Structure formats: C-alpha cells, structure tokens
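> Sequence:
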Amino acid sequence: MKLINRLIFFVIVMVGLISCADKTVESAPKPQKEKTIVEIENELNQLALAMNQLIGDAKCESNDQCQVVEFGSRPCGGPASYKAYSSLNTDVPLLLKTSKAHVGLSKKYNAIKNIVSICSVLTPPQVSCNKTCITQNVNILIQ
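Under this note's numbering, the first residue of the sequence shown carries the number 1, and numbering increases by one thereafter.
By construction, these hints were calculated from the structure, which means they are not laboratory data.
For clarity, every value in this text was computed on a predicted model and none was experimentally measured.
Positions of the beta carbon are idealized from the N, C-alpha and C atoms, including for glycine.
Hints are supplied without guarantee of correctness; some may be wrong.
The following label-pair restraints were derived from C-beta to C-beta distances [as the list claims (entries may be wrong)]:
| id | residue 1 | residue 2 | range |
| --- | --- | --- | --- |
| 1 | Asp64 | Lys107 | 29 to 35 Å |
| 2 | Ile115 | Asp64 | 20 to 26 Å |
| 3 | Lys113 | Asn63 | 17 to 23 Å |
| 4 | Ala80 | Gly56 | 31 to 37 Å |
| 5 | Leu49 | Pro93 | 40 to 46 Å |
| 6 | Glu39 | Lys59 | 30 to 36 Å |
| 7 | Gly56 | Glu34 | 20 to 26 Å |
| 8 | Ile112 | Asn89 | 15 to 21 Å |
| 9 | Glu43 | Pro125 | 39 to 45 Å |
| 10 | Ile134 | Leu96 | 32 to 38 Å |
No farther apart than 20 Å at their CA atoms in a straight line, the calculated lysine to aspartate or glutamate pairs in the DMTMM-like style are these [to be verified]:
| id | residue 1 | residue 2 |
| --- | --- | --- |
| 11 | Lys113 | Asp57 |
| 12 | Lys131 | Asp57 |
| 13 | Lys107 | Glu70 |
| 14 | Lys113 | Glu34 |
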C-alpha cells in the first residue's frame with residue numbers, strides 16, 4: 001500500500017513539474033531598457049516642441065479663454081515654468097497630456113542628473129487676453 005501511495009505521489013509531482021515546464025522564459029515580460037540621458041533630453045525637446053505647436057499663437061477674444069499649463073519640473077517640486085494658451089484653438093486635452101508627460105520626464109531627468117536648486121515655488125501667473133494670451137505677475141515663493 002505504501003508503494004502505491006508513493007507511486008501516486010510521484011506521478012502527481014511529475015505531472016506538476018511537466019506542466020510548469022511548458023512556460024518558457026520567452027513568455028515572461030521583458031524589462032524595459034532604461035533611456036540614456038541623450039534620449040531623455042531629445043524626448044524633452046520633442047515634448048516642448050509639441051507643446052509649443054499645440055499652443056500656437058494663443059489667439060484669444062476674451063480673458064476666460066486664457067489659461068496656463070505647467071512646463072517642466074523644478075528639482076524641489078512644482079513646475080519649472082508655465083505657458084499661456086488659449087482654449088479657443090487649442091486641443092486642451094492633448095496639451096494637458098503632453099504637459100504631464102513633459103513634467104514627468106523632467107522629474108526623471110532631474111533625479112538622474114542629481115540636479116539641485118533652491119527650493120523656490122513658482123505660483124501660476126495670472127493670464128489675460130490682449131489679442132493673444134499673455135502672462136502677468138509671475139510669483140516665486142521661497143520655502
């Protein structure tokens with residue numbers, strides 16, 4: 001009886017091992033290659049260019065069409081600057097998505113390059129319409 005139990009146990013273990021053997025290393029997800037500094041810089045430049053193209057000339061007819069979007073990232077946090085845009089002729093969801101990508105990649109770049117600075121926080125400027133959206137009152141707070 002013990003021999004039969006051992007044989008059954010052996011068969012179960014072998015079936016389990018064989019079923020695991022079907023999974024190959026190739027089916028495992030491949031880790032993403034880390035980007036080089038040059039690749040990150042190029043991507044940051046492409047995102048900045050895309051944002052500028054989306055914003056265009058920022059033509060407006062009223063103040064309520066003028067907004068600001070974050071651009072870049074300061075080492076201590078917060079945006080490096082703001083860009084004024086007009087909702088009149090701008091694909092706002094795409095601009096916000098591009099801005100978010102630029103800010104995120106800027107944070108990564110700052111961390112990789114160990115960039116430091118004084119911890120000043122740039123508050124969003126006021127914007128107004130003068131045929132194009134313009135920024136006013138750029139405020140920097142030192143923490």
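> State for each hint whether it applies.
Hint check results:
1. For Asp64 and Lys107, the Cβ-Cβ distance of about 31 Å falls inside the hinted range of 29 to 35 Å, so the restraint holds.
2. Restraint check, Ile115 to Asp64: a C-beta distance of roughly 37 Å breaks the suggested window 20 to 26 Å.
3. Between Lys113 and Asn63 the CB atoms are about 38 Å apart, so this pair departs from the stated range of 17 to 23 Å.
4. The hinted window of 31 to 37 Å between Ala80 and Gly56 is violated, with their beta carbons roughly 21 Å apart.
5. Distance hint for Leu49 and Pro93: a CB-CB separation of about 19 Å, inconsistent with the stated range 40 to 46 Å.
6. Distance hint check for Glu39 and Lys59: the Cβ-Cβ separation is about 35 Å, which falls inside the suggested range of 30 to 36 Å.
7. One distance hint, 20 to 26 Å for the beta-carbon pair Gly56 and Glu34, is violated here, with the actual separation near 34 Å.
8. At roughly 36 Å, the beta-carbon separation of Ile112 and Asn89 lies outside the given 15 to 21 Å, and the hint is violated.
9. At roughly 26 Å, the beta carbons of Glu43 and Pro125 sit outside the given window of 39 to 45 Å.
10. Between Ile134 and Leu96, the C-beta spacing of about 20 Å breaks the proposed range 32 to 38 Å.
11. At most 20 Å may separate the alpha-carbon atoms for a hinted pair to count; Lys113 and Asp57 exceed this at roughly 33 Å.
12. Restraint check for Lys131 and Asp57: satisfied, since their Cα atoms lie roughly 10 Å apart, inside the 20 Å limit.
13. The straight-line distance between the Cα atoms of Lys107 and Glu70 is roughly 13 Å, inside the 20 Å bound, and the hint therefore holds.
14. Between Lys113 and Glu34, the direct Cα distance comes to roughly 14 Å. Compliance with the 20 Å bound is thereby established for this hinted pair.
The structure shown violates the earlier hints numbered 2, 3, 4, 5, 7, 8, 9, 10 and 11.
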